[in-house]
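We have chain A already, so just place chain B on it with the hints.
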Amino acid sequence: MSQQLIASTAKKARALSASEIAEIEHEMTLYPDKKAVGLEALKIVQKHEGWVSDESLLAIAKYLDIPIADLEGVATFFNLVYREQVGKNVILFCDSVSCWIMGCEGIKGHISKQLAIDYGETTADGEFTLIPVPCLGDCDRAPVMMVGPDLHRNLTPDKIDAIISDYKNKQN
Amino acid sequence: MVTNPLTKNIDMSRPPLDIAGYEANAGYESLHAIAKGLSPIDVLQLVKDSGLKGRGGAGFPTGLKWSFVPSGEDAPKQKYLVANADEMEPGTFKDRLLMEGDPHLLIEGMIIAAYTIQASKAYIFLRGEYTVSEQALRKAIKEANEKGYLGKNILGTGFDLDIIMHTSAGRYICGEETALLNALEGKRANPRAKPPFPQVSGLWGKPTIVNNVETICNLPGILTYGVNWYHGLTKGIDHGTKLFGVSGKVKTPGCWELPLGLPIRELIENYAGGMQDGLELRGFLPGGGSTDFLLPEHLDVTLDYEEIAKVGSRLATGTMIVLDDKTCPVGMIGNLMKFFAHESCGYCTPCRDGLPWVDQIFRDFENGQGNEKDLQILHDHVTYLGPGRTFCALAPGATAPLGSGLKHFKEDFENHITQQRCSYRH
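Order-wise, the sequence lines are chains A and B.
With the working numbering as the guide, the letters of the first sequence map in order to residues 5 to 176.
With the working numbering as the guide, the letters of the second sequence map in order to residues 1197 to 1622.
No lab work stands behind these hints: they were computed from the structure.
Take these hints with a grain of salt, some might be off.
To be verified - No farther apart than 30 Å at their CA atoms in a straight line, the calculated lysine-lysine pairs in the BS3-like style are these:
#, chain 1, residue 1, chain 2, residue 2
1, B, K1273, A, K92
2, A, K16, A, K174
3, B, K1348, B, K1232
4, B, K1232, A, K39
5, B, K1522, A, K163
6, B, K1522, A, K117
7, B, K1522, A, K47
8, A, K172, A, K66
9, A, K174, B, K1335
10, A, K38, B, K1232
11, B, K1390, A, K39
12, B, K1522, A, K38
Said to hold, decoys possible - So the derived label-pair ranges between C-beta atoms look like this:
#, chain 1, residue 1, chain 2, residue 2, range
13, B, R1617, A, G107, 13 to 23 Å
14, A, K66, B, I1237, 42 to 52 Å
15, B, Y1580, A, A120, 41 to 51 Å
16, B, P1266, A, A120, 54 to 64 Å
17, B, K1506, A, E125, 44 to 54 Å
18, A, A120, B, D1560, 25 to 35 Å
C-beta: ideal position from N, C-alpha, C; glycine also.
With the rest of the complex left out, here is chain A (with noise of 0.2 Å):
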């Protein structure tokens, strides 16, 4: 991934949809100023696009009238905030302490071998990417993951296979 900051590119902010702008639009009514809306606004791009590309933050920035600078430093610091693209379901896949010693690490093992991806890495067809993320506050179902919204839990082998196969059939 490039390092270079992005005011220094050539790159140009993306019109935003008519949705994206309604649904920050309704987060402004509900803060005192506008740059208190930047995460909002990140958060319901990524909503609509998957992830928050360079145009995609340019845009923000612009219509926030927030220095791009800030805005990368917010999306950058919150583990949520996508700064590359993802597959279309993303695998949080927690990995601390009682997830730890309930055998995570096996688990994780397994779905790497089985959607030959590793941490921050997507598959080949786009359809999920897996990133680890601190303590999912289960811990009594542990080990614990969420695909997309969703959670999932008391993992084994057997079940992480049950889950891939349904969100493969869902997109078909």
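For chain B alone, kept in the frame of chain A given last:
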């Protein structure tokens, strides 16, 4: 009388109660009591008298915290309340239960808290990953609005309140209240210098109270059933009930509402069913990843803030992580160090550079490359990342399992060096 005010409506086999179901079980009665003439000062006194302490980790008295907010004619017109729902302490899974199981309890508690400090706007700072909580809370807020418990002139009191949902995007440091305020303002979530404290100058420079979800969920019970009832709940020193959790290789991991003051043994052996067959208890972190290890000899210590402090740890979130004799303590601590290194906000040097150094040493131990010098460096970091040496409490939190682990599991660390491998691996 009610003995489980936090979980009395929770049954995870069905969706949470809607507002009608919630009201049928004494829900929102506290607001009617307020409407009949309880002033903000009256409510503040009740909460002070209750002895409620913050349930987010620090255990600071809630009434005292609120009393620092300026009040009266000269106080700023705009004040804020924030519910800290950014649950992310490793091994902590209690606020999720409250929000998914009984969202109206949090809403009612927030109305009480906001009324007391006279805040007309309240934010729920919710962890982005808690998608089920988000849906449950949005529905509860809508129902409370329709019923007139939120909005303008609530129950004719002249008090207005809007509750706004903010979903975060995953950073542990947002649980630190001043970092949370920066995040809500749309900035990087670096902690702020204190003073000024948020109670005086918080969100957008206005007086702000940040309370943990479970703390707020204690309020409806205190107002509805009274301070005497609340004082009758405990089995020990500190007042009220608390959510306690156990995770790790026990027979029945889970989360339960229990009176404060029970022996730790009862939680681990009765509620969590004791260790899985063939395993022995080696130690446990009593209140999440930032607490010091306790040992089997501490099982008869009671679940009270002060009692646990006396043996060198903290009750903190009350969610225990259990270490068994077949799991490597060095690996467990290494996992926590990886977490803290990843979640450092990067603002101050000891934390930003110290934690990754510690993390790397643990990786070396794991890969059979540890040496005596590394062990000394770990000990040094316990000092240099300790309380008072860093900008906020994140790195000192990391030193809790590190320092206590180095002490209690010395032999395991040394074995990693002499054997140049982890002997727990098969």
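Against the structure, the hints:
1. A threshold of 30 Å between alpha carbons decides the hint, and for B/K1273 with A/K92 the separation of about 46 Å lies outside it, so the pair is violated.
2. Distance restraint check for A/K16 and A/K174: the Cα-Cα separation of roughly 35 Å exceeds the 30 Å cut-off, and the hinted pair is therefore not satisfied.
3. This hinted pair checks out: B/K1348 and B/K1232 have alpha carbons roughly 17 Å apart, not beyond 30 Å.
4. Annotation: proposed proximity of B/K1232 to A/K39 is violated, straight-line Cα distance about 41 Å (limit 30 Å).
5. Restraint check for B/K1522 and A/K163: the C-alpha separation of about 25 Å stays at or below 30 Å, so the hint holds.
6. The hinted pair formed by B/K1522 and A/K117 meets the criterion: a straight-line CA distance of about 26 Å does not exceed 30 Å.
7. With a C-alpha separation of about 42 Å, the suggested pair B/K1522 and A/K47 falls outside the 30 Å cut-off, and the hint is violated.
8. Between A/K172 and A/K66 the CA atoms are separated by roughly 38 Å; this puts the pair beyond 30 Å, and the hint is violated.
9. With a C-alpha separation of about 27 Å, the suggested pair A/K174 and B/K1335 falls inside the 30 Å cut-off, and the hint holds.
10. Distance restraint check for A/K38 and B/K1232: the Cα-Cα separation of roughly 39 Å exceeds the 30 Å cut-off, and the hinted pair is therefore not satisfied.
11. Restraint check: the Cα-Cα separation between B/K1390 and A/K39 comes to about 23 Å, which is no more than 30 Å; the hinted pair holds.
12. Taking the CA atoms of B/K1522 and A/K38, the gap is about 53 Å. The hint is violated against a cut of 30 Å.
13. For B/R1617 and A/G107, the Cβ-Cβ distance of about 19 Å falls inside the hinted range of 13 to 23 Å, so the restraint holds.
14. A beta carbon spacing of about 48 Å between A/K66 and B/I1237 agrees with the range 42 to 52 Å that was offered as a hint.
15. Between B/Y1580 and A/A120 the CB atoms are about 42 Å apart, so this pair conforms to the stated range of 41 to 51 Å.
16. A hinted range of 54 to 64 Å for the beta carbons of B/P1266 and A/A120 is consistent with their spacing of about 59 Å.
17. Checked against the hint of 44 to 54 Å, the C-beta distance between B/K1506 and A/E125 comes to roughly 49 Å, which is consistent with it.
18. Between A/A120 and B/D1560, the C-beta spacing of about 29 Å keeps the proposed range 25 to 35 Å intact.
Checked against the numbered hints given earlier, the structure breaks hints 1, 2, 4, 7, 8, 10 and 12 and satisfies all the rest.
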